[in-house]
Amino acid sequence: MSPRAVIVETSVPRLPRGVRLKHDEVRSQWVVLAPERMFALDDIAQAVMQDVDGKRSVSDIVDGLAEKFQAPRAQILVDVTAMLQEFADKGVLET
Amino acid sequence: MTTPPPLPLAMLAELTHRCPQRCPYCSNPLELSRRSLELDTAAWLGVLDEAAALGMLQIHFSGGEPTARDDLEALVEHAENKGLYTNLITSGILLDRQRLERLARLGLQHVQLSFQGAEPIVGDHIGGYAGGHAKKLKLAAMVSDIGLPLTINAVMCRENMHQLEAMIDLAVGFGAQRLEVANVQYYGWGLSNRNALLPTRAQLDQATATVEAARERLKGILVFDYVVPDYYAKRPKACMGGWAQRFLNVNPEGLVLPCHAAQTIPDLKFERIGDRPLADIWRDNQAFTRFRGTAWMPEPCVSCDKREVDWGGCRCQAMAIAGRADVADPACELSPDHDVMLAIAEAEGTENTMDDTDYTYRQIGGST
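Protein sequence lines correspond, in order, to chains W and B.
Numbering-wise (my numbering), the first sequence opens with residue 172 and increments by one.
Numbering-wise (my numbering), the second sequence opens with residue 3 and increments by one.
Among the hints, erroneous ones may be present.
Beta-carbon label-pair distances, calculated as ranges [stated by the list, open to error]:
{"hint": "1", "chain 1": "B", "residue 1": "Arg99", "chain 2": "W", "residue 2": "Lys193", "range": "23 to 31 Å"}
{"hint": "2", "chain 1": "W", "residue 1": "Arg185", "chain 2": "B", "residue 2": "Ala215", "range": "40 to 48 Å"}
{"hint": "3", "chain 1": "W", "residue 1": "Asp234", "chain 2": "B", "residue 2": "Gly85", "range": "28 to 36 Å"}
{"hint": "4", "chain 1": "B", "residue 1": "Glu310", "chain 2": "W", "residue 2": "Arg208", "range": "17 to 25 Å"}
If you want the footprint, here are the derived chain W segments under chain B, 3+ residues with CB under 8 Å [what the hints assert, rightly or not]:
{"hint": "5", "region": "174 to 185"}
{"hint": "6", "region": "210 to 219"}
{"hint": "7", "region": "228 to 238"}
{"hint": "8", "region": "242 to 248"}
Because the hints were derived from the structure by calculation, they are not lab data.
Even glycine gets a Cβ: it sits at the ideal position worked out from N, Cα and C.
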């Protein structure tokens, strides 16, 4: 068994096998498709998940978002870490 | 003016009713479809095209046992080419490593494997297939080894409730990502065998405590889905996410159903794949529109603030318990028929000793 992925600033998150990010053309939204579940993403979650590529660290992702949205980095780090931890605990993200 | 219905998100593709196991809780109808009536490969490929065009995102290949069809590879490949997420719901008994690897290569995303117990005596007794448990163990190890995501579906009933902890350990041992602790739902064969399957209240309370503790202990390691039997519920489940709201089911003969038990409701008029485009059937076939939304609801549903949360619960359960489908699910404590359900739980959810005669095993040709 693999241990729980704990998301910290240096983590490099990726989508595990069997999880994919897809643009749902019919409903004009992004969704995460996972085993027997799916999650529709709001604009913020989509912006975060687009950057989850197994190469960028949480820190890199937060830098990008802080730049893109012209928002305070510290707050974005807290929000993004919490969001990624939630996805990890749902089994749709690994490190 | 009516707003157009939402589009379906997922399809349960019941490729066949054939299955080596004979589980007495099977959700297939008592009148099982024969092989000669099954849709052929070309027809299923057409269904997948229509599903993708209609905006469906996930396809659950199920049955019966979907691997009993030798065209499963072609269907998985086609679904993946159409961008549909493919899931295989299997007993695991007919699959060998070569075929599993082939399916994975063609894009299969996930395997859900059922277990009827934590060891062969109980597991093979409930499954009605000698040697079945051992084959499941082998398959689970293969799925893990190949690296496909795995859900263990632990189907719980009175005979195996005491093995829940061991079934959780099995799932962790296989490296499964998800565990469904799925209490039997009482439709089809399950309803016929309810008297032998329904757990006691004490068993259910114990199982709930076990799941809650394990969920906490295994956070981030194993995702739990816990389904309780409606007979001990206070509020109904949002069956199918609401009738004709999110899902549809195509049965082996190509009947398009709002849920897998819908044929138990007498006044529904189903259409068949090929009769009309799937989009049209979804939109305005009588069986879909009959209970879609809230217009059909009587009290206590129509004035309930949960009416678009649980959608009045399960129509088939209302049919089974209250004798009509257009009333609140008796699982709801606000239903006038709720005490009927409680009385059934009290009468049938009792300790008793098991022997072979307690189950009516599933078989082609109906129950005897």
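Status of the hints after comparison with the structure:
no.: 1; hint: B:Arg99 / W:Lys193: 23 to 31 Å; result: holds (30 Å)
no.: 2; hint: W:Arg185 / B:Ala215: 40 to 48 Å; result: violated (30 Å)
no.: 3; hint: W:Asp234 / B:Gly85: 28 to 36 Å; result: holds (32 Å)
no.: 4; hint: B:Glu310 / W:Arg208: 17 to 25 Å; result: holds (21 Å)
no.: 5; hint: 174 to 185; result: holds (count 4)
no.: 6; hint: 210 to 219; result: violated (count 0)
no.: 7; hint: 228 to 238; result: violated (count 0)
no.: 8; hint: 242 to 248; result: violated (count 0)
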